[in-house]
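Generate the whole structure from the sequences, applying the supplied hints.
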Amino acid sequence: MDLLTQEILPEDYFIVDEPYYESVADEIQIFEAAYNNQLPVLLKGPTGCGKTRFMEHMAWRLKRPLITVSCHDDLTASDLVGRYLITSGETVWVDGPLAKSVRAGAICYLDEVVEARKDTTVVIHPLADDRRVLPMEKKGVVLQATDNFCLAMSYNPGYQSIMKDLKQSTRQRFVALEFDYPGIVLEQKILEIEAEINAELAKTLVKFAHMTRNLKGNGLDEGASTRLLVHAALLIKAGVNPVAACQSAIAQALTDDPEMLSAINELSASLF
Amino acid sequence: MSYQKQNSSFKVLDAAQMEEQLDCFLDSVLSFRRSAAGPAKQMATLNSKEQAFGLHWVEIISATNAEMAFQFSACFSDAVLALQHDLNAVEHWIVEAMSAFDERGLQFANKVLHNSNDFAETYFKKQQGILLDDIKNLLTAFVCGLNGRSLKIESSDIIYTDTETIYLPELIADFSRKEDNFLYYKLLTVYLWAQNWFGTWRYDLNDIVNEYDDPVYALKLLHNLESIRLIHNIQNELPGFYRQVEVFMDEFNELKLNKDWNTILVFYKGKKSEQKKVTIADSLRLLKQHYGQLNTIDFHFQGLLFANKVQQIKQRRISDEQTRFREALSRIADEKRYLKPEAVDVENLTPAFDFNVNEQFDKDEFSDNIVFELSLDGQVIVPAEDVQSLMSSIMQDIGEIPEEYLVAAGSGQYSSDYSDKDKKTDNVWSGVYHEEGAFFYDEWDYVRQHYKKNWCVVREVRVPPLYDDFVPQTLKQYYAVVKSLRRHFEAIKGEEKLLKRQINGDDIDIDALVESYADMSMGMELNERLFTRMQREDRNIAVMFLVDMSGSTKGWINQAERESLVLLCESLSMLGDRYAIYGFSGTTRKRCEIYHIKHLDEAYNDKVKARISGITAKDYTRMGFAIRHLSGLLEEVEAKTKLLITLSDGKPEDYDGQYRGEYGIEDTRQSLFETRQKGIHCYCITIDKEAGDYLPHMYGAANYALIEDIKQLPVRVSDIYRKLTT
Ligand SMILES: Nc1ncnc2c1ncn2[C@@H]1O[C@H](COP(=O)(O)OP(=O)(O)OP(=O)(O)O)[C@@H](O)[C@H]1O
Ligand SMILES: [Mg+2]
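Which chain is which? The protein sequence lines are P and L, in order.
With our numbering, the residue at position 113 of the first sequence is 113, and numbering never jumps.
With our numbering, the residue at position 24 of the second sequence is 296, and numbering never jumps.
Keep in mind the hints are simulated off the structure, nothing from the lab.
Be aware that a few hints might be false.
Unchecked claim - Over 10 Å on every C-beta distance to chain L, these chain P residues come out as not near it, computed from the model:
1. 15
2. 20
3. 47
4. 48
5. 71
6. 83
7. 131
8. 139
9. 171
10. 222
11. 244
12. 259
13. 260
14. 269
15. 270
To be verified - In silico DSS-like pairs for lysine-lysine, Cα to Cα no more than 25 Å straight-line:
16. P:203 - L:543
17. P:138 - L:772
18. L:544 - P:207
19. L:544 - P:203
20. L:543 - P:207
21. L:862 - P:203
22. L:541 - P:207
23. L:548 - P:203
24. L:424 - P:207
25. P:189 - L:548
26. L:541 - P:203
27. P:207 - L:772
28. P:207 - L:548
29. L:531 - P:189
30. L:772 - P:139
31. P:118 - L:772
32. P:216 - L:826
33. P:118 - L:912
Predicted, not measured: the structure shown is a model, and the values here were computed from it.
Ideal placement from N, C-alpha and C gives every residue a C-beta, glycine not left out.
If you want it as structure tokens, here you go:
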């Protein structure tokens, strides 16, 4: 069994069709400028506000493959760089996603980077400053990134704990783009296009989203994200009753607290 | 006893048989001049189930107070009738009487017993009605979601809002269905929220109506006009809600039939079709136009317009918020300067703030579509969330941010009146708190199957430290135990473990590789497990130890407890886990004491050691309150695993005799059950030579162990640890 032939090659990570992305401010321009100057980018913002979509859009725009790594608390440096595996009795080196991106001149997007183990900074730091190299300790070599390569990562400041805050030495290597939920008009438009619903429904959904966002810090950790609104819109379009759709797609996703659930359901029921 | 047999056979007792039964329990309060014949005659009219129920409670009550039991027997049949033979309701009535007795004495208990009609009335009302207390949190969250300044919800006899709080009745039971009562609460809430959100309080309504000859009439008329306007707005903004409450709107909808009022409705409708918002200014105009021509209506949902109260609160808030806003601006200006240190002169420049709102904005109509911008020296700035909500609150009150607000507070003005006041109230509150120093906990009364509210008065006190050589002596004496403990706990500690022979990993496991190459050359199958990997262990534990300091521990048990604590601290400090130690004892429910030995985040230092040494046997063992207190503390702590370990001799009892035996056992059992429900693991260690047969029952919800030699204890605890954390 040849593991290498099973892999998806970076070429397959090219995005052919334009991913729909509604620009909120000047983030596209800034990203492009950063990319052209080989600066790494940090996307900050709450969950479901369009960071991943933005990266897809930028990869398409810049015509580079996009390799995304969802970081979790067991993700080590070698998960990013690569490791030895045994195939047919031989030890074979297999590149990790970061090495693969560096070689292919791809955009590597590390999602929720604070979740990763601390030793990952060892490989991120030299890549993110002007050296732009990836040390491959196990192989004893250093990979030099080409101008095409771009490192981007996302980070949600809302969930940080003291343990999991991003270190200054890390954050100060990146150009930071701040994301938030789009304004009323824009978010409405996104729903209309993304879920193909009518303006009236989109408007009501956005209004409901704002109601839940009012509750942030007053019983909810986070209000409804654009992503949840898209979900609810899709359910409603499929024929689900709006109040029920908001309950399943939004309320239940936000909290388990029975009192808050009833309050949120009362709110959606008062709109539809 | 004979009565029990008759109960189970469900035979109806006649008056004579009943009297005989009552005599058994009421003997001590009966005399020649007072017999149980009267009550017996009445109780004879009830059916057998009711009779059995009554006798059962006569027995229970007589154990507390025979006189109350006699009064109860005399009132029982009336109560059964008043409560429509609903024994569940009757039980509530009995419990209320007994609580009255517990809290205020026989006289008050008698009052409850003899007024079963009053009780019945409120009881049935409450059955279908809804208590504000039960839905307060829900309504608060609901209003908070609706928008605007956050509003509190409180109960009051008058329905109104003062722009900070919405006042609602304590109970709504006007409708026969619970849902309708709830809906009505919602209607009142949304209506009063609408007054705040749609600008009813933009102007001082007193000033306005005082310009009319009949201010009372003017205010009433304005109230009606505003109600129509608000309902109209609610209908537009919250169509789903309006549909729900339309059942209550008959009176409102009939206005159409009244020619005069209809012109008003038409006016609001017309505005809507023009896509215009209706504002308080419209209502004021209509007031002027129609003053004297319209008869006022009392919409049942509209409550009162309390212009005086609103004005007071508004004045205070407006000046507070102006100060706070100007302080915020000065902080913002400071930050900007800090970021631009090259501008040396900037200290002397006044920062120029500016405020912009999108154009189609009407000062009287604050709504969520408004986009406002704050800028400093021509640059738009995004203020922090608290400043933003301050800005919207100001906008909600006065419809704009006036010029005089946009001047940053001068330096040195930072601590305004506002924050000073804040601090003071805080201090007073904590001062009072500490003086009184008391916590209150419910206690479970198994006989009545109810909690006694705020029954135990609990204070935290300190153990006087005893600086002696107890700790080193103990460590010396148990040298071997300490050593083996170290090993036990070292194993638990784990830390970063190097896992060998993994399918994948950070590094090649050379040993495994060599082995499998050998295997392979022998023609055997290749082993895939050739890697090593580091695994991290997250320990996130909070443990609290609760030590019995009751009189019954005097002697070897107290000694054993103290020695155990020394050994445990030794082990736990090594693990680096957070742990706390408290003792408990007390005399009667009024003097329950929790002894502080070590707080969760206190280091294991000489003082703590001296306190352990200073643990002495005190008074009695009321255990429930102590468990409740500690589980309350643990609940506040953030930890993945929470553990409550009690060390006691396992015999609950108190001076008043009541806590002895089953009562104490059941309360302890109940408190452990409550703790368990909070997601806290309970482990009860009983230090004694023989196990009481009640232990398994008492510790029901918890794990427990009986030890007689403290050498066993650390091993037990390390076992608990291993079970819970690996
Ligand atoms: N500006 C936007 N343009 C188009 N679609 C958007 C935009 N913002 C959000 N969306 C919609 O919201 C959805 C969620 O966005 P996305 O998955 O990018 O969130 P995210 O910020 O990556 O969240 P997370 O931090 O949880 O990964 C998208 O699938 C898309 O439908
Ligand atoms: Mg994402």
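Going through the hints against the structure:
1. Distance check on residue 15 (chain P): its Cβ is at least 30 Å (rounded) from any Cβ of chain L, clearing the 10 Å threshold; non-interface status holds.
2. No beta-carbon of chain L is positioned within 10 Å of the beta-carbon of residue 20 (chain P); the least distance is around 25 Å.
3. At roughly 18 Å, the least C-beta separation between residue 47 (chain P) and chain L is larger than 10 Å, which holds for a residue marked as non-interface.
4. Listed as outside the interface, residue 48 (chain P) is consistent with that label: its C-beta sits roughly 19 Å from the nearest C-beta of chain L, beyond the 10 Å cut-off.
5. Under the 10 Å C-beta cut-off, the non-interface status given to residue 71 (chain P) relative to chain L holds; the minimum distance is some 15 Å.
6. For residue 83 (chain P), the requirement that its beta carbon stay farther than 10 Å from each beta carbon of chain L is not met, with the minimum near 7 Å.
7. Distance check for residue 131 (chain P) against chain L: the nearest CB is about 24 Å away, which clears 10 Å, and the non-interface claim stands.
8. With a minimum CB-CB distance of about 12 Å to chain L, residue 139 (chain P) clears the 10 Å threshold, and the non-interface call stands.
9. Against chain L, the non-interface label of residue 171 (chain P) holds: every CB pair exceeds 10 Å, the least being about 17 Å.
10. The Cβ of residue 222 (chain P) lies farther than 10 Å from every Cβ of chain L, with a closest approach of about 13 Å, so its non-interface assignment holds.
11. With a least beta-carbon separation of about 13 Å from chain L, residue 244 (chain P) lies farther than 10 Å from that chain, consistent with its non-interface assignment.
12. For residue 259 (chain P), the condition that its CB be more than 10 Å from all CB atoms of chain L is violated, with the nearest at approximately 5 Å.
13. The claim that residue 260 (chain P) lies off the interface is violated: its Cβ sits roughly 6 Å from the closest Cβ of chain L, which falls inside the 10 Å cut-off.
14. At the 10 Å boundary, the C-beta of residue 269 (chain P) falls inside the reach of chain L, the nearest C-beta of that chain being 5 Å off.
15. At roughly 3 Å, the least C-beta separation between residue 270 (chain P) and chain L is not larger than 10 Å, which violates its mark as non-interface.
16. Restraint check: the Cα-Cα separation between residue 203 (chain P) and residue 543 (chain L) comes to about 21 Å, which is no more than 25 Å; the hinted pair holds.
17. Proposed proximity of residue 138 (chain P) and residue 772 (chain L) is supported: the alpha carbons are some 18 Å apart, at most 25 Å.
18. Note on residue 544 (chain L) and residue 207 (chain P): the hinted pairing holds, with a Cα-Cα distance of about 20 Å set against a maximum of 25 Å.
19. Of the pairs offered as hints, the one joining residue 544 (chain L) and residue 203 (chain P) holds, with about 18 Å between alpha carbons and a cut-off of 25 Å not exceeded.
20. Distance check on the hinted pair: residue 543 (chain L) and residue 207 (chain P) sit about 23 Å apart at the alpha-carbon level, within 25 Å; holds.
21. Under the criterion of a C-alpha separation no larger than 25 Å, the hint pairing residue 862 (chain L) with residue 203 (chain P) is inconsistent with the structure, at around 59 Å.
22. With a C-alpha separation of about 23 Å, the suggested pairing of residue 541 (chain L) with residue 207 (chain P) holds against the 25 Å cut-off.
23. A distance of roughly 18 Å separates the Cα atoms of residue 548 (chain L) and residue 203 (chain P); the hinted pair therefore holds under the 25 Å criterion.
24. The suggested pairing of residue 424 (chain L) with residue 207 (chain P) holds, with an alpha-carbon distance near 22 Å, which does not exceed 25 Å.
25. Restraint check: the Cα-Cα separation between residue 189 (chain P) and residue 548 (chain L) comes to about 23 Å, which is no more than 25 Å; the hinted pair holds.
26. Distance restraint check for residue 541 (chain L) and residue 203 (chain P): the Cα-Cα separation of roughly 22 Å lies within the 25 Å cut-off, and the hinted pair is therefore satisfied.
27. Annotation: proposed proximity of residue 207 (chain P) to residue 772 (chain L) is violated, straight-line Cα distance about 55 Å (limit 25 Å).
28. Restraint check for residue 207 (chain P) and residue 548 (chain L): the C-alpha separation of about 19 Å stays at or below 25 Å, so the hint holds.
29. Taking the CA atoms of residue 531 (chain L) and residue 189 (chain P), the gap is about 44 Å. The hint is violated against a cut of 25 Å.
30. Using a Cα cut-off of 25 Å, the hinted pair residue 772 (chain L) and residue 139 (chain P) holds, with the two alpha carbons roughly 21 Å apart.
31. A threshold of 25 Å between alpha carbons decides the hint, and for residue 118 (chain P) with residue 772 (chain L) the separation of about 21 Å falls inside it, so the pair holds.
32. Using a Cα cut-off of 25 Å, the hinted pair residue 216 (chain P) and residue 826 (chain L) is violated, with the two alpha carbons roughly 53 Å apart.
33. For the given pair, residue 118 (chain P) sits about 21 Å from residue 912 (chain L) by alpha-carbon distance, which is consistent with the 25 Å threshold.
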